[in-house]
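Chemist: Going down the list, the sequences are from chains A and B.
For the first sequence, my numbering assigns the number 19 to the initial residue and increments by one for each residue that follows.
For the second sequence, my numbering assigns the number 45 to the initial residue and increments by one for each residue that follows.
It is possible that some hints are incorrect.
[What the hints assert, rightly or not] With a straight-line cut-off of 25 Å between C-alpha atoms, the simulated DSS-like cross-links for lysine-lysine are:
id, chain 1, residue 1, chain 2, residue 2
1, B, K45, A, K75
2, A, K75, B, K152
3, A, K36, A, K87
These aren't lab readings, by the way, just hints derived from the structure by calculation.
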Amino acid sequence: EAQVTQNPRYLITVTGKKLTVTCSQNMNHEYMSWYRQDPGLGLRQIYYSMNVEVTDKGDVPEGYKVSRKEKRNFPLILESPSPNQTSLYFCASSPYIGEVYEQYFGPGTRLTVT
Amino acid sequence: KNQVEQSPQSLIILEGKNCTLQCNYTVSPFSNLRWYKQDTGRGPVSLTIMTFSENTKSNGRYTATLDADTKQSSLHITASQLSDSASYICVVSAGYSGGGADGLTFGKGTHLIIQP
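Can you build the whole structure from these sequences, using the hints too?
Modeler: Below is the structure:
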């Protein structure tokens, strides 16, 4: 089954404790992206990657890191989480960057930083 | 600045009724417009994608329209079902890729509740 998976789905952590949220897709998509979703603000892009070893900042990259060592994986790293990073996070992938492309979202990771 | 405005913010209708959600955008240059359905706590799922040349597109009971001249789109839901309760997000893609992220501008969504 074609899908984007994220782990963990739920995470409660404390300020300053490094964490990684994994994202994996099995569709051989070149493009992957991370979003956060907060009430009243909608989806905002954190980072994106157009292919292996190619990453770039989205609209709200502060406090986050990413890597793209393999095509299928795109982990999101919070080196020193803070309470303002409490949010619902989504990973997404799409087959190519072009005029029209289908974007597939993962199930989401709900992160709480205390 | 590219913007996507959706209305209403929330809507409650009775099961079986029809409804229409609105999306106005100021995105330039325009490439395509998407409607997503997002169930609570889940990832968005694509309903329709329309390019400049398309003014209507259907997906089952969902019909999206696009007026590129007035920069407006609507999503019409026919004979609503309880499972239609969700947020509906309008997303507009600018006519470029890369720079400025992937050129996608997201609306904040309309929260739809279907009551039995």
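Chemist: Are the hints correct? Go through all of them and say.
Modeler: Here is how each hint holds up against the structure:
| no. | hint | result |
| --- | --- | --- |
| 1 | B:K45 / A:K75 | holds, 18 Å |
| 2 | A:K75 / B:K152 | holds, 21 Å |
| 3 | A:K36 / A:K87 | holds, 20 Å |
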